[in-house]
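Chain A is fixed; fit chain B onto it per the hints.
Residues per chain are reported as follows:
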Amino acid sequence: MRLYNLIALILFSSVFTGLQAQEKSSVTLRINYYTHQNLPYLVAKAKTKINGKLSPVPGLVAKYYIYNATGDTVFLGSAAMDFKGESLLYVPASAQAVFQSQASLHFMVVTASNKQYDEGSGEVTVQKSKLIIDTLDGRKAVATLLVKNDTGWIPMKGVELTLGVQRLDGILPINSTATASTDSLGMVTGDYAIENLPGDKKGILTLVASIKDNEVVGSIESGINVPWGAPAHFITNHFFDRTLFARRGQSPIWLEILAYSMVAMVWGVVIYLLVQLRKIIRIGKSAAV
Amino acid sequence: MVLVSLCLVGLAAYIRQLYYGLGVTAMRDYVSWGIYISNFVFFVAISLVGSLITAVLRLTDVHWSTPLTRIAEIIAVSAITFAALIIIVDMGRPERFYHLFMYGRLQSPITWDVIVISTYFVISLLLLYLPLLPDISILLQHQEQYPKWMVKLYKGMGSFWKNAPAQFAIMNRSVGILSVAIIPVAFSIHTVTSWLFATTYRPGWDSTNFGAYFISGAFLVGAGSVLVAMYIFRTHYKLEKYITESHFDKMGKIVVLLALLYLYFNINEFLVPAFKMKKSEEEHLTGLFAGEFAPIFWFAIFTSMFIPIFILLFKRGRRPFPAFIAGILVVIGSWFKRYLIVTPTLLHPFMPMHDVPANYRVYFPSWEEWAIAIGSLAAALLVITFFARLFPIIPIHETIEESETTSHASL
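Heads up: the protein sequence lines correspond to chains A and B, in order.
The first sequence: position 18 = 18 (my numbering), numbered continuously.
Here my numbering = 1-based position in the second sequence + 289.
So here's chain A without its partners, still in its complex pose (with noise of 0.2 Å):
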């Protein structure tokens, strides 16, 4: 009996120690506003101090709103913080009317509270706005930022404005001068400096406009593609050839002679000693008769 005891013990006991009472701590919430190829959306950063360092805050559910014109909020939708403390809400189409009939956005997200933490909320107001970028003659990018107000868009100066091409991980400034303020047109412009840049198998790029954490208007991109790359030669697909690194039933033959083989030989010798003991059991049983 004093054994079922111990093992319940143990049982309960793990079980319950996540449950332990724990003091709450404060969550500090952000929200940023961005526009990738004009597609409008959020992310909101949780973070919480552990230790006097502040920390991510992975779990929460972040919930989205958008004020309308009446000052009331609008619910946008909702969306968990990854490992990194960081959710993501593109504007859903069901806000469009919201969203459009506005120049100026105010969003606000929030956290319920928890076991954990207490609830927090984040604001930010953004002004609608507009990155275009374009080619001149020659390799020459133009890019155009304006703004919404009530009487229409118009050209923003004094923004800080990057162009640039596409990569990977980030983007690549077309010359030494790329970043710059935009102009009383709204614009930037820069001469592509950047000779035999891979692109894609017809030589197609990825031109990039970029502003970041703006106060007035968030984070913006766009981007347009431009033939102004080098022609990128691929490797030979190995995709359909029998490799040792291709998929499943690509093998190499020699590979599948050779294991097949060595497979058949091993059971061929287990289903002779199955024969063997067979051979054993009749044996027994015509001596027991």
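Treat the hints loosely; a few may be bogus.
[To be verified] In silico DSS-like links for lysine-lysine, alpha-carbon gap of 30 Å or less:
#	chain 1	residue 1	chain 2	residue 2
1	A	285	B	451
2	A	157	A	115
3	A	53	A	63
4	A	63	A	285
5	A	279	B	441
6	A	279	B	451
7	B	444	A	285
8	A	279	B	437
9	A	285	B	441
10	A	49	A	24
Keep in mind that the hints were calculated from the coordinates and are not lab data.
For clarity, every value in this text was computed on a predicted model and none was experimentally measured.
For chain B alone, kept in the frame of chain A given last:
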């Protein structure tokens, strides 16, 4: 009772793992092979003892090992069974086990391992079963001593054995064939297990020495486990007449030889990369020799090799109790050695760990992992214990035959 309790706690932990997923373990993106795989390698290693005692010694005409063959074989069968089961535990989704057979790539060492483990299991089972037949017949001659269900079991397993000369002839020939067949399969099973690591380009695993290194280590831990089992069965079942001091003396010498062999491969395994100290290997080797893994590393080296060699080198050390202690040290040290083969390498990838949660950078098994690993070890011992309760742990017929041959020869 202790073994059953450990198994139950392990089972409870496994149910928790099934319910909540592998997230209950401490395994993350970098350390994706934890103590489950260490345990797997350990079980595969121990299972090799069947081929050493039963096959190698039989084929080399060494007769003194006859009383130990069944101990070695049941250890082999039990260990290989739990090696396969622990892999299913490590997979996390047991219902997908059949994917290994349905969708396995022939090019993958994991597929080779599945094939070799199942083959070795069948051969070991046959090698355990065939020599058991004459003994079952002896047990049935005294069936009034046993409960009904045991008699039923014996009849089901071997009522057809009538001690007919033709049956003996077939059995002896079959055991001879099995003894030959099991050696390449046994070598394959541990070589392929070593290739699971060595075919992966990582610090600590990128070695051409791995097959021989694993096999020598496997023979050592297998022989160590036989020393332990010999002592326990000898004292518990009063088998002093069959498992004599001479057996401990001879097995002790074998363990010394195997420990020296394993030491040689260890020197090969560590000296060569340490001499070159390539940047990628440096962190891994420093971690083992003088870093965070140094206490376990030196503990494993001393307990699995140096101390057992020191004990067993002397004749007094090869007496039953000291030999038993040496065997225990070998087994414990060898388990930690497997842990060191698996985990430190995974914590030292070529590409630096970047932008990952803090718990990805360290690995300390969760209580569920410990419970399952200890539970599986207990279950393997439980199988051996049950077997010893049901069947003679000393092969009666073979030992009688052996002693008759020896006495005829001495006359």
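Against the structure, the hints come out as follows:
As the CA atoms of residue 285 (chain A) and residue 451 (chain B) are separated by approximately 9 Å, the hinted pair is consistent with the 30 Å bound. A distance of roughly 48 Å separates the Cα atoms of residue 157 (chain A) and residue 115 (chain A); the hinted pair therefore is violated under the 30 Å criterion. The hinted pair formed by residue 53 (chain A) and residue 63 (chain A) meets the criterion: a straight-line CA distance of about 25 Å does not exceed 30 Å. A distance of roughly 77 Å separates the Cα atoms of residue 63 (chain A) and residue 285 (chain A); the hinted pair therefore is violated under the 30 Å criterion.
For the hint linking residue 279 (chain A) to residue 441 (chain B), the alpha-carbon distance of about 22 Å falls within 30 Å, and the restraint holds. Of the pairs offered as hints, the one joining residue 279 (chain A) and residue 451 (chain B) holds, with about 13 Å between alpha carbons and a cut-off of 30 Å not exceeded. This hinted pair checks out: residue 444 (chain B) and residue 285 (chain A) have alpha carbons roughly 13 Å apart, not beyond 30 Å. Restraint check: the Cα-Cα separation between residue 279 (chain A) and residue 437 (chain B) comes to about 28 Å, which is no more than 30 Å; the hinted pair holds.
The straight-line distance between the Cα atoms of residue 285 (chain A) and residue 441 (chain B) is roughly 17 Å, inside the 30 Å bound, and the hint therefore holds. Distance restraint check for residue 49 (chain A) and residue 24 (chain A): the Cα-Cα separation of roughly 11 Å lies within the 30 Å cut-off, and the hinted pair is therefore satisfied.
Of the numbered hints stated above, those contradicted by the structure are hints 2, 4, listed in ascending order.
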